[in-house]
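> The primary structure of each chain is shown beneath.
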Amino acid sequence: MRCNAETPTQDDIDAGIANIVVCFVPPRSAVFVIFTIRQLFETQKPWLKGRRRSAEFQQSTVLNLFGAARRPADLRVERSRKPAVRLSYEVSMDFWINGRAVSVDIDLRTSLLDLLRDQLSLIGAKKGCNQGACGACTVLADGERINACLALAVQYQGREIVTVEGLADSHGRMHPLQAAFVEHDGFQCGYCTPGQLCSAVGMAAELARGVPSQVTGDVAAEGIALSRDELRERMSGNLCRCGAHNGIVAAIAETFAEGKNAPLDLPARSRSGFASAEAGWRAPSEEEKVA
Amino acid sequence: MNPFTYTRPADAAAAIHEAAHAGARYLGGGTNLVDLMREGVERPAALVDVTGLDRTITELPDGGLRIGAAISNTALAADRRVRTRYPMLTRAIVAGASAQIRNMATLGGNLLQRTRCLYFYDDAARCNKRQPGSGCDALEGFNRMHAILGASDACVATHPSDLCVALAALDATVHLEGADGKRALPFEALHRLPGDTPERETELRPGELITAIELPALPMARRSTYRKVRDRASYAFALVSVAAALEIEDGTIKDVRVALGGVAHKPWRARTVEALLRGQQPSEEVFRRASAGELSSARPLRDNGFKVELARRTIVAVLSQLAGGRP
Ligand SMILES: Cc1cc2nc3c(=O)[nH]c(=O)nc-3n(C[C@H](O)[C@H](O)[C@H](O)COP(=O)(O)OP(=O)(O)OC[C@H]3O[C@@H](n4cnc5c(N)ncnc54)[C@H](O)[C@@H]3O)c2cc1C
Ligand code: SF4
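Here the protein sequences line up with chains Z and S, keeping their order. Residue 100 in our numbering is what sits at position 100 of the first sequence, and the numbering runs on without skipping anything. So the number in our numbering is just where the residue sits in the second sequence, counting from 1, plus 1000.
Read the hints as simulated data drawn from the structure, not as lab findings. Wrong hints could be hidden among the right ones.
[Said to hold, decoys possible] Taking lysine to any residue and the SDA-like style, the derived pairs with C-alpha atoms no more than 20 angstroms apart in a straight line are:
id: 1; chain 1: S; residue 1: Lys-1254; chain 2: S; residue 2: Arg-1205
id: 2; chain 1: Z; residue 1: Lys-127; chain 2: S; residue 2: Met-1001
id: 3; chain 1: Z; residue 1: Lys-127; chain 2: S; residue 2: Gln-1281
id: 4; chain 1: Z; residue 1: Lys-127; chain 2: Z; residue 2: Gly-190
id: 5; chain 1: Z; residue 1: Lys-127; chain 2: Z; residue 2: Ala-179
id: 6; chain 1: Z; residue 1: Lys-127; chain 2: S; residue 2: Arg-1038
id: 7; chain 1: S; residue 1: Lys-1182; chain 2: S; residue 2: Arg-1205
id: 8; chain 1: Z; residue 1: Lys-127; chain 2: S; residue 2: Glu-1039
id: 9; chain 1: S; residue 1: Lys-1182; chain 2: S; residue 2: Asp-1054
id: 10; chain 1: Z; residue 1: Lys-260; chain 2: Z; residue 2: Gln-178
id: 11; chain 1: Z; residue 1: Lys-127; chain 2: S; residue 2: Leu-1036
id: 12; chain 1: Z; residue 1: Lys-260; chain 2: Z; residue 2: Leu-239
id: 13; chain 1: S; residue 1: Lys-1254; chain 2: S; residue 2: Leu-1218
id: 14; chain 1: S; residue 1: Lys-1254; chain 2: S; residue 2: Gln-1281
id: 15; chain 1: Z; residue 1: Lys-260; chain 2: Z; residue 2: Ala-168
[To be verified] On the chain S side, residues computed to face chain Z include the following (Cβ under 8 angstroms):
id: 16; residue: His-1017
id: 17; residue: Asp-1035
id: 18; residue: Arg-1091
id: 19; residue: Val-1094
Cβ atoms here follow ideal geometry from the backbone N, Cα and C, with glycine treated the same way.
Input sequences plus hints: build the corresponding full structure.
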């Protein structure tokens, strides 16, 4: 074990062996205990029982602190850069993300959210609770909204993933919903916003497909109007701690008022087509990977 | 999270073969299993992803439906045949979790999701379900969410599913496939009460795969519903929930189905309510007597006595609503 108080290098992080230092002061003790993240996770010290969540939190906090001290570009993991040490359970995977084919070598345990944020620097989707309870990590998979934190990346190979970074059109113009969020003050701190946006796009598609909700009067009837009650219930998987809900509801209601906007500009976004969930797994061809 | 291997078989036979390895687990949408792996409660050595298996809904000759276990909760709730013939099932599904989770979650995974007892998640606590023989911190602890029916001194956890409550009321059949071949179980026989072995939650044999659910033809289910009572209006687990269908002919109750959620270690088919109601003339008084009969065996804990009255009232409210012709 190395015990370095210095910033870990990107190679260390890539290799998954970074001795990222976690310091915490045990109660009634002035001694700093320094452990590597890997030891925290891999040894089951009895006194650490029940502390895994806080260890994870410290890990991300420390990473954020280090990240903040450096230029963002330094955190970008280059696709060409192979990890120095390959863990035995690391495998090569192919993804479709925001219309582009991506190949990465990652640990099988990587969540879709960690893949996006830590490996691909797509930091729009946020890690809020990391247990499916807040919706900040919402992205679209084959046009359906999902919680990227509960998804193992390996399960989403060959599926069409769209994150908030992929909502703008091919000319970089904001999605109408994004513009409406600005117009209606649909956020304060902005942490839940990428999740709210992706969720609302998925919600509009569900409504168009006739998926009922808990507040739908007659679930057997065809065609559901986007009433305020429907909208609020359907967006209940996305929490906003600032309380910007009124602006959020107004922005979504305006954007998806009857027949106004298609949820996504599908052809521009998608190479494989959003039907791939039914068609099953499809890896990008070599040609597509280069492009 | 412990390391594991991952496979995504294309058919049930291959999945069962893969699951024969020691420590293997089936993986649906992962919304429960991945969370529990992250907490260290589950430590599978191999994940067998079954989301590529049968996810279709097919008509049975008698008018029932056969549903592949890999179907997403959303797709099941939105199917037109399900919405019109079994509205309680659609309503139960959309009352659960969030739209994002329902999009990810499979039917099979929803059936086998594990309890939300906080002590089960917390590996610093004693829990007979997580670690048999260690004790149960919920008995004397914070047990507001826990069971009032059918619990034991070993475990007072509840089954968290909404979907399953409707399946219990509808007399569904669970189709299983394992190394020893195929078999079918009545839905009510799938989940177990805790007894002395709360770690054994279902009658599934090791490595057995849920392949499909069958819903019998049940015309009375067209007039059925699901009501869930919880701490907030959406996106929370049930304190109490009721799935019910009611058939009234010539002013008397010809048939009735009632199942409860949030009250027991398994989806609770309220057979006593049903027996007390058949042949009666529907009235609030009759509904009240029937629900009191079901709850007479309730054994509330320190914090959850309110559930007894809540369950009684919710049963009465739902049956009154159905008797009044409102679905
Ligand atoms: C924040 C949050 C809130 C929630 N709220 C609710 C709620 O209000 N109501 C509700 O009902 N649920 C709720 N849930 C739970 C959710 O419905 C379940 O997590 C989901 O249904 C599980 O399905 P899955 O496919 O993701 O299962 P997984 O997590 O993939 O698997 C769950 C279990 O099922 C087993 N399994 C999966 N498929 C099969 C199969 N075919 N055969 C045999 N075994 C199989 C797995 O091995 C595992 O043990 C909530 C979940 C979260 C995270
Ligand atoms: S109620 Fe059951 S799950 Fe909860 S702590 Fe007790 S034994 Fe464990």
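> Now, for every hint given, state plainly whether the structure supports it.
The hints, checked one at a time:
| no. | hint | verdict |
| --- | --- | --- |
| 1 | S:Lys-1254 with S:Arg-1205 | violated (38 angstroms) |
| 2 | Z:Lys-127 with S:Met-1001 | holds (17 angstroms) |
| 3 | Z:Lys-127 with S:Gln-1281 | violated (55 angstroms) |
| 4 | Z:Lys-127 with Z:Gly-190 | holds (13 angstroms) |
| 5 | Z:Lys-127 with Z:Ala-179 | violated (24 angstroms) |
| 6 | Z:Lys-127 with S:Arg-1038 | holds (14 angstroms) |
| 7 | S:Lys-1182 with S:Arg-1205 | holds (12 angstroms) |
| 8 | Z:Lys-127 with S:Glu-1039 | holds (16 angstroms) |
| 9 | S:Lys-1182 with S:Asp-1054 | holds (15 angstroms) |
| 10 | Z:Lys-260 with Z:Gln-178 | holds (15 angstroms) |
| 11 | Z:Lys-127 with S:Leu-1036 | holds (17 angstroms) |
| 12 | Z:Lys-260 with Z:Leu-239 | violated (26 angstroms) |
| 13 | S:Lys-1254 with S:Leu-1218 | holds (13 angstroms) |
| 14 | S:Lys-1254 with S:Gln-1281 | holds (9 angstroms) |
| 15 | Z:Lys-260 with Z:Ala-168 | holds (17 angstroms) |
| 16 | His-1017 | violated (19 angstroms) |
| 17 | Asp-1035 | holds (5 angstroms) |
| 18 | Arg-1091 | holds (6 angstroms) |
| 19 | Val-1094 | holds (5 angstroms) |
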